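A.B. asks: The lines below spell out each chain.
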Amino acid sequence: MKDLDSIIEQVEQRFGEAVEASDRPFGDAVLTVGRTRVRDVLSHLKEQGFDLLLDIGGVDGLHLGRRERFELVYNLYALESDLRLRVKVFVPESDMTVPTVSDLWMSANWAEREAYDMFGFVFAGHPNLVRILCHREFVGHALRKDYPIMKGQWATGTSDLRPDLERE
Amino acid sequence: MAGNEHIDPNELESAGPVREEPAAAREADIADETSLDDLDVEPMYINIGPTHPATHGTFRVFCKLDGERIAKAAVEIGYLHRGFEKTVETKTYALVIPYTDRLNYCSGLVNNVGYCKAVERLLGVTITPRTEIIRVIICEIQRIMDHLICVGANLVDIGALTNFWYFFNAREKLNDVLEALTGARLTYSYVRVGGLAWDLPKGFEQNVREALKTVPKAIRDVEGLVKKNRIFVDRARDIGAIGAADAVSYGFTGPCLRASGVNHDLRRKKPYYHYDEFDFDVVIGERGDVYDRVFVRVEEMKQSLRIVEQALKILPGGPINIDDKNVVLPEKQRVYSSMEELINHFKLIIEGVKVPPGEVYDAIEAPNGELGFYIVSDGSGKPYRIKVRPPCFYLMNGLKKLIEGHMVADIVAILAGLNIIAGELDR
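Protein chains in written order, with the numbering used here: chain A, 1 to 168; chain B, 1 to 427.
No lab work stands behind these hints, which were simulated from the structure alone. From a predicted model like this one, the values you see are computed outputs, not experimental measurements. Just to be clear, a hint being listed does not mean it is correct.
Okay, the calculated bits of chain A under chain B, using three or more residues with CB under 8 Å as the criterion [unchecked claim]: (1) 22–36; (2) 48–56; (3) 98–110; (4) 133–146.
The beta carbon of each residue, even a glycine, is placed where N, CA and C say it ideally should be.
Work out the full structure: start from the sequences and follow the hints.
C.D. replies: So, in structure tokens, the structure goes:
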């Protein structure tokens, strides 16, 4: 297993301009990748030994003044070499489609559902992209900065899980 | 079987093996049985939960049955979603600590430590040696308590009630120790950014040693009752088994991953708080079934006992809080007598600790697995975004795979063995 620097270098060489930035805030390695190529980069990283997808987290940068409003952060861990790597993707509000990785890691299935539920990221190719933490009748996305924290919604129906049995 | 001794062994051999492996027998069973598709009947759907006592919280497992076997399952969570991540965006960094208690409420102190450790990393401060060791001690006590609940409840769910009493006697003693330390029995909120709320009370070391003496006895009693118990082994062996590759793909961490034979423990792999200097073993299972998950936890308790013992021996003196006026509240006595300290106190309470802008992911080995906090700071006194990486969430994601093909009654055994804590699952 190679060290982190050579893995990052390899990704940069192979994916060229798709890798937008590579930095080390607080010692964590972070790769910023173009939205359309994220699946290819993650797939490559999986082959390089990052076999554990720990988490997918969304960030609404409405007040951060970054390049695009939304960010998706993939947290990877390589079990053999004990390396951590974060892959970050900027997602514009106008088009929140991101390719799914739920076929590469099973853990991405629910992680992507949560990111969809909380922020409205659309994972193209996800087998069952429905809300997971909020009620299915919920309107809007709760963790967006422009969702008022005190705004409650009545949601009382029981979800029919029969379609879910065949999906995933 | 009556009259077994009269059967000619040669005859038996020609008739094929007398006892097959349980798993193989089950497969043969499935192959022989008329399946649901052959019959002109409506499939039967059942709900387990959301308020079933064995769900240890509220979530719903929806099953399509083939006889008594689960043909397909769907899991619905979110019944305990309280908007942790949304709420904490409006609180100062210090005010988030009580909320973290309510994530995994079986081991609140570990959540406190995990959160404070992430914030401290963002702040770039190093806590004092005494606080580091105290945090190790409380984390390991909580790990024992969490495992006691998990294993005790798992056994009680499949009908072995006595073990629950044995474990809860020991847990009660540990609870008393933590009550003397923190004043609370469930939501401790004892850890602070940059240190601890207060120092150890008088006689704490002695109390811990006394309380921990009850744990090995409880473990011995329970092991004696269940380890080779035919009823337990039949209910737990090869039930809900998951291989190493699948467990990794599903994002399993902690005891459930180790039960599948993967040697991964953040205390060893990414040591924090001098865990690399402690002498303990990482417990690994083989088959990744309910039985292994139970006994990985039981063995981990023994290792935690060793760690606490070593930590008590090397517990250094000195201050518990870092010497940084921008992070830690001044002493009450000085607040009442000095104007500057009063202002400092006021600013820290109202505005919160000013954390430099940036983002950090920090994780610790919680009793359930990797508990991570991804914190984005915009430089103000309130976190811009906190993403919790709860170990349960990914264990629950794998539940569907674990239960399909098993009997309805096995759901309960599998579910309890994963140690799903709804507070952490739904946040």
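A.B. asks: Hint compliance check: list the failing hint numbers for this structure, sorted ascending.
C.D. replies: Structure breaks no hint.
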